Amino acid sequence: MCDTCGCNLTPGNKHLAFKPVAKGATAVSVLKGLLQKNDDQAGHNRDHFDKRGILAINLMSSPGSGKTALLEATLTALKDEFTCAVIEGDLETENDAERIRAKGVQAHQIVTGTACHLDAHLVHDALHHMTLDGVDILFIENVGNLVCPASFDLGQHLNVTLLSVTEGDDKPAKYPVMFRAADAMLLTKTDLLAVLDDFDPDKAEAHLRNLANPAPVMCLSARKDMGMDAWLTWLREQLAAQRARVAIGQSRRPAIQSDGMKYHSVTA
Amino acid sequence: MHELAVAQALVEQVDAVIDQHQAGCATAIRVRIGPLAGVVPELLATAFPLAAAGSRMEGAELEFTHAPIRVHCQTCGAETEAAMNRLICGACGDWHTQIVSGDELLLESVELETSPTPAS
Chain A
16 MCDTCGCNLT
26 PGNKHLAFKP
36 VAKGATAVSV
46 LKGLLQKNDD
56 QAGHNRDHFD
66 KRGILAINLM
76 SSPGSGKTAL
86 LEATLTALKD
96 EFTCAVIEGD
106 LETENDAERI
116 RAKGVQAHQI
126 VTGTACHLDA
136 HLVHDALHHM
146 TLDGVDILFI
156 ENVGNLVCPA
166 SFDLGQHLNV
176 TLLSVTEGDD
186 KPAKYPVMFR
196 AADAMLLTKT
206 DLLAVLDDFD
216 PDKAEAHLRN
226 LANPAPVMCL
236 SARKDMGMDA
246 WLTWLREQLA
256 AQRARVAIGQ
266 SRRPAIQSDG
276 MKYHSVTA
Chain B
10 MHELAVAQAL
20 VEQVDAVIDQ
30 HQAGCATAIR
40 VRIGPLAGVV
50 PELLATAFPL
60 AAAGSRMEGA
70 ELEFTHAPIR
80 VHCQTCGAET
90 EAAMNRLICG
100 ACGDWHTQIV
110 SGDELLLESV
120 ELETSPTPAS
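Going down the list, the protein sequences come from chains A and B.
According to our numbering, the first sequence holds residues 16 to 283 in order.
According to our numbering, the second sequence holds residues 10 to 129 in order.
The set of hints was computed from the structure by calculation and includes no laboratory data.
What you are looking at is a predicted structure, and each value in this text was computed from that prediction instead of being measured.
Positions of the beta carbon are idealized from the N, C-alpha and C atoms, including for glycine.
One or more of the hints may lead you astray.
As the list claims (entries may be wrong) - Part of the chain B face toward chain A, derived, beta carbon under 10 Å: (1) V15; (2) H30; (3) A37; (4) V48; (5) V80; (6) I97; (7) W104; (8) V119.
Stated by the list, open to error - Residues of chain B placed beyond 12 Å of chain A at every Cβ, according to the derived structure: (9) E51; (10) T55; (11) P58; (12) L59; (13) A62; (14) G63; (15) S64; (16) E67.
Input sequences plus hints: build the corresponding full structure.
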């Protein structure tokens, strides 16, 4: 953590800090995460959530894999049980936020313009436009994109990655950074499996396991109300787990950040 | 596309290092990057001059240390190299592994001009 005295140097990185340089110049070792500022803001967002006992979930997937449809069905199913709120991320339009508001749920739309992902600062700004008191679960619907959103911590507790059966069952192998970050993988639009003979849910799960990811895999169709119970049960369990953590002053970061941290010789 | 955002974060960090050491400018910047960080070094190198334009690191050389993907097996304890989309143990084939290296995105070191030099 210390940037000045050299205590963050290890036998593995020492040579980088002390390599000879030109006269009149000096080389300093930094060893800080490049996205440190984003991560600090994400930590701040997470504190906001934890203080209020909110469970924050980041939904990621390709465009059109059914994130908003899943949210609509989920919010309808949970409306008598929990208070939910939604942050929507899109390059343009308020369409998704309007779909959520039509369900009687608070929603804030982040319009990113050309940015391909949400970051912790955008989410923080959005939080200032929302009423968080009394909220149990906050869903953050990231920009539809299987690449960039995976690299930015927003302050969420869990990543949920959707893969619709109209895509390919090898998507986890093609986009390993994204699927490695998933705390749960949802195979969506599974009502279409009957007419799509080239998508094998078992293969999709095998590709996920090849990324050393133990996340649960759930098959569902939000539109046809298939398989929703397992997803809703998982959500209830995760909210209970979040409340238990908050009660003892702990928090949780999504799979990608905690994974392997203890093996890193450097604290980023 | 998000590499520009990463380049901007890099410029902010190096700026802070220049301030901290009361240096004139940065001449070389070394970033440690692993394939699982989701940032492409070539694209970051392209985005960097745009983000650094007019700053005290304009013209600084951006160098990369490419971190290999290595996994530690929780089942057999072996530490092996792995492919980006096959993070399984190279010894026993089990998927219960943890990343030891390969997901880093670190500002490793910065070379600074100690004496104040006219900004170019």
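Hints versus structure:
1. The interface hint given for B/V15 is met, as the beta carbon of that residue sits about 6 Å from the closest beta carbon of chain A, less than 10 Å.
2. At about 6 Å, the closest approach between the beta carbon of B/H30 and any beta carbon in chain A falls short of 10 Å, and the interface hint on this residue holds.
3. With its C-beta approaching chain A no nearer than about 8 Å, B/A37 sits inside the 10 Å limit, and its interface hint holds.
4. Checking B/V48 against chain A: minimum C-beta separation of about 6 Å stays under 10 Å; hint holds.
5. Hint on B/V80 holds. Least Cβ distance to chain A is approximately 7 Å, under the 10 Å limit.
6. Because the closest C-beta pair between B/I97 and chain A is about 6 Å apart, less than 10 Å, the hint holds.
7. Against a cut-off of 10 Å between C-beta atoms, the interface hint on B/W104 holds, since the closest Cβ of chain A lies about 5 Å away.
8. Nearest Cβ of chain A to the Cβ of B/V119: about 6 Å, under the 10 Å cut. The hint holds.
9. The beta carbon of B/E51 sits about 15 Å from the closest Cβ of chain A, which is more than 12 Å, so the claim that it is off the interface holds.
10. Listed as a non-interface residue, B/T55 keeps its Cβ farther than 12 Å from every Cβ of chain A; the least gap is roughly 16 Å.
11. The non-interface label for B/P58 is consistent with chain A: the shortest C-beta to C-beta separation is roughly 17 Å, beyond 12 Å.
12. For B/L59, the shortest C-beta to C-beta distance to chain A comes to about 14 Å, beyond the 12 Å cut-off, and the non-interface label holds.
13. Distance check for B/A62 against chain A: the nearest CB is about 19 Å away, which clears 12 Å, and the non-interface claim stands.
14. Look at B/G63: its CB is around 20 Å from the nearest CB on chain A, clear of 12 Å, so calling it non-interface holds up.
15. The beta carbon of B/S64 sits about 16 Å from the closest Cβ of chain A, which is more than 12 Å, so the claim that it is off the interface holds.
16. The Cβ of B/E67 lies farther than 12 Å from every Cβ of chain A, with a closest approach of about 16 Å, so its non-interface assignment holds.
The earlier numbered hints are all upheld by this structure, with none contradicted.
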